[in-house]
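Trainee: Residue-level listing of the chains:
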Amino acid sequence: MTHFTKLLSASMLALTASMASAQTDITVAIQLEPPNLDPTGGAAQAIDSVLYSNVFEGLTRFMADGSVVAGLAKSWDISDDGLTYTFMLNEGVMFHDGTDMNADDVKFSLDRARADDSTNAQKGLFADIADVTVVDPLTVQVTLAQPNGSFLFNMAWGDAVIVAPESIETIASNPIGTGAFAFSDWVQGDRLELVRNDAYWGDAPALESATFRFISDPTAAFAAVMAEDVDAFVGFPAPENLPQFEADPRFQVLVGNTEGETILSMNNQMPPFDNVLVRQAVSLAIDRQAIIDGAMFGYGTPIGTHFAPHNPDYVDLIANSAHNPDRARELLAEAGFADGFTTTLKLPPPSYARRGGEIIAAQLREVGITAEITNLEWAQWLEEVFKAKDFGMSIVSHTEPMDLGIYANPSYYFQYDNIVFQAVMDKLNATTDPAMRSELMAAAQTIISEDYVNGYLFQLAVPTVAKAGLNGLWLDQPTAAVDLTGVSWSE
Amino acid sequence: MIRYAGKRLLSLVLSLIAASIVIFAVIEVIPGDPASFMLGVNARADTLEALRDQMGLNDPLHVRYFNWVTGMLTGDFGTSWTYKTPVVDLVNDRIWVSLPLAVYALILSTLIAFPAGIIAASRRGGPADMSIMGATQLGVAIPNFWFAMILVLIFAINLRWFSAGGFPGWDNPALAIKSLTLPAIALALPQAAILARVMRSSLLDTLGEDYIRTARAKGLTRRQALWRHAVRNALIPVLTIIGLQFSFLLAGGIIIEQVFFLPGLGRLIFQSISGRDLIVVESVVMLLVFVVIVVNFAVDIAYGAVDPRLRSKS
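Residue numbers (our numbering), protein chains in the order written: chain G, 1 to 491; chain A, 1 to 314.
Chain G extracted, bound-state conformation (with noise of 0.2 Å):
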């Protein structure tokens, strides 16, 4: 008898330990819910976060480092004038509801977004698509109106996801993908299910089912992963506790980088701002690293430009705008405002936002600038400073990638109207050939850093805190995305 149950025990913990190893599913915490499940009609982040590659798929996407591969579409031709793209599709992609996905689906994606009665949020990635047209089932032409030597990244954008037509009018809250992952239920306010999709055309990932819940309040995420009712928080909302979490050997803590450049926008069009003298003043009255230790914990990238400081098209512009409050003292007093002036500075509910906020209104005081600082909502935000251009000063994270064109149009809200500016914007545009891409990114970026468009703070991190075991999570955030599919448990 006692060796049955020393038997039956060994086998019991046998049992427990290779269902240990086997652990299949993982429950992945980010900060806000999705509000629909169309990634192709809103500009929710978090739609992205929860979709983009496990659920959906565009003809290219996004690597964990920010390059472009192929995706969908196996390869392609480019026309040598720029003009002409052809993607030849990857064979045997069904959609979850067991349909092909062919270049059929491909044109209807592509001139949905397009379309004059389109809501997609990045309906500008489009804009310079003339013509789509379906060659055979697995090859679809694209023609642009212009060269674009963005439009492979473009596609890889979760706007640019390929859908189907036949599940097209529930997408927002059944969404029908290709990827490896199948939406399977969505408990509004609470979390959302992915289950495996056995038939997926690529590598099968190694999870069989994930659960996103939604947590934003940053003692309630604290609370979750202490208690571990949660295996991973990308885009953990409390910094102030990472140095705790790097401690407890249950956990692992990766800080990486994002698409945000976090500025101190001015309007430059509203006086003092149209005053370049003024723009400096303010840029080196900013002490960066005390707003990334005050605001950010000492998580973020100091940033002298518009620009992401792990592109390798980064240029190293920080000293333009040094920390030097004298200087900038002289500044003011050389644009006619010796004792300084007051203006506004209207912030948005992010902390970086409404923390670093506080630090800079400081920082500014030293040199006689007042700031009156304005909390507000992003609803108003967008409605104040967005639209109306209401502001004098704001701070925000400006996500998208490669964003450097918004300093290209007169009427973005930071309202930047330079004519040479926005020549080798047009010129990158039209570039095709990466060195001469290089060169121009380069010029750019210079341009806007002398010109002190805005006060250039930091790239914005993302920390993530997964248990420990827990491989292939996105370690850097190109684009806004909790990709699955690489991730796996080990032991």
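One should not assume that every hint holds.
Stated by the list, open to error - Just a few of them, taken from the derived set where beta-carbon distance is under 8 Å, the chain A residues facing chain G: (1) Glu-28; (2) Gly-32; (3) Phe-37; (4) Arg-44; (5) Thr-47; (6) Thr-85; (7) Arg-160; (8) Pro-263; (9) Arg-267.
Unchecked claim - Result set (DSS-like, lysine-lysine): computed pairs, CA atoms no more than 30 Å apart in a straight line: (10) Lys-123(G) - Lys-74(G); (11) Lys-178(A) - Lys-107(G); (12) Lys-427(G) - Lys-74(G); (13) Lys-389(G) - Lys-123(G); (14) Lys-123(G) - Lys-84(A); (15) Lys-387(G) - Lys-84(A); (16) Lys-387(G) - Lys-427(G); (17) Lys-467(G) - Lys-178(A).
Hints were generated in silico from the structure; no laboratory data involved.
Small disclaimer: the values here were computed from a predicted structure and weren't measured.
For each residue, glycine too, the CB sits at the ideal point set by N, CA and C.
Given chain G, put chain A in place with the hints provided.
Mentor: Chain A alone, transformed into the frame defined by chain G:
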């Protein structure tokens, strides 16, 4: 009794009409364009216009108010702009978190408050009274969200008896009730403290009444007089407080729902306001107003049942 109820009913209807106008007006004047919130900073003007059209935002205000009210009367609360789901479904999912939570908290608070209040009143000035009043003082002073965090720290992070938050759904009732336990305690204790104090002082008032002396003179013991005459008469102010508390618990769980990331009505309103999902905010707030007014109506009717004088007077 019927005239009394009829009068109450008329005031209920008038309150609802007034509430609908105020809610619509207040929410429509909040700055922020829902369409531009949904499409973000890269949206083009034509895209915004297309979406505004789709959402019916280009209709004049009075048309939208009229559509909203007539829709509600026929049970159609509209479709959420961001969730693209009927508001009724959204509410239906979440009410099964908020309502049980409110009821759970109310039961807990009543179970704690009644005995505590009665013991304190019947042993006025004694050590039991002193300690109960001391505890309620503390209970009133502690904010419920802070108390919630302490509960999470002890029972979820250290002892691991409960999960730190979330709601698994009613498929497994035991698990569902378990996940509502910490939030319910956090909500209930401050309410229980208030209720116990009201119960005690109300009971002390009635214990000083002539009819209690008469009852004692008739030969009832202190305890008999307390239970037969004092408690029932002391209930009126207590019922008022319970009615108010229920409304508070249903709508005011918003912070607790945030701390425990529960998919309840409070969190829905919170998310909808920041997302400018106006139709959801309007309809859910209207629904809550409706519930509050109906609960107050029920409390008024309950007064009538407890106290015959109220019926005849009206």
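Trainee: So, for every hint listed, does it hold in this structure?
Mentor: Hints and how they fare:
no.: 1; hint: Glu-28; verdict: violated, 13 Å
no.: 2; hint: Gly-32; verdict: holds, 3 Å
no.: 3; hint: Phe-37; verdict: holds, 5 Å
no.: 4; hint: Arg-44; verdict: holds, 5 Å
no.: 5; hint: Thr-47; verdict: holds, 5 Å
no.: 6; hint: Thr-85; verdict: holds, 6 Å
no.: 7; hint: Arg-160; verdict: holds, 7 Å
no.: 8; hint: Pro-263; verdict: holds, 3 Å
no.: 9; hint: Arg-267; verdict: holds, 6 Å
no.: 10; hint: Lys-123(G) - Lys-74(G); verdict: holds, 24 Å
no.: 11; hint: Lys-178(A) - Lys-107(G); verdict: violated, 51 Å
no.: 12; hint: Lys-427(G) - Lys-74(G); verdict: holds, 29 Å
no.: 13; hint: Lys-389(G) - Lys-123(G); verdict: holds, 22 Å
no.: 14; hint: Lys-123(G) - Lys-84(A); verdict: holds, 21 Å
no.: 15; hint: Lys-387(G) - Lys-84(A); verdict: holds, 25 Å
no.: 16; hint: Lys-387(G) - Lys-427(G); verdict: holds, 28 Å
no.: 17; hint: Lys-467(G) - Lys-178(A); verdict: holds, 25 Å
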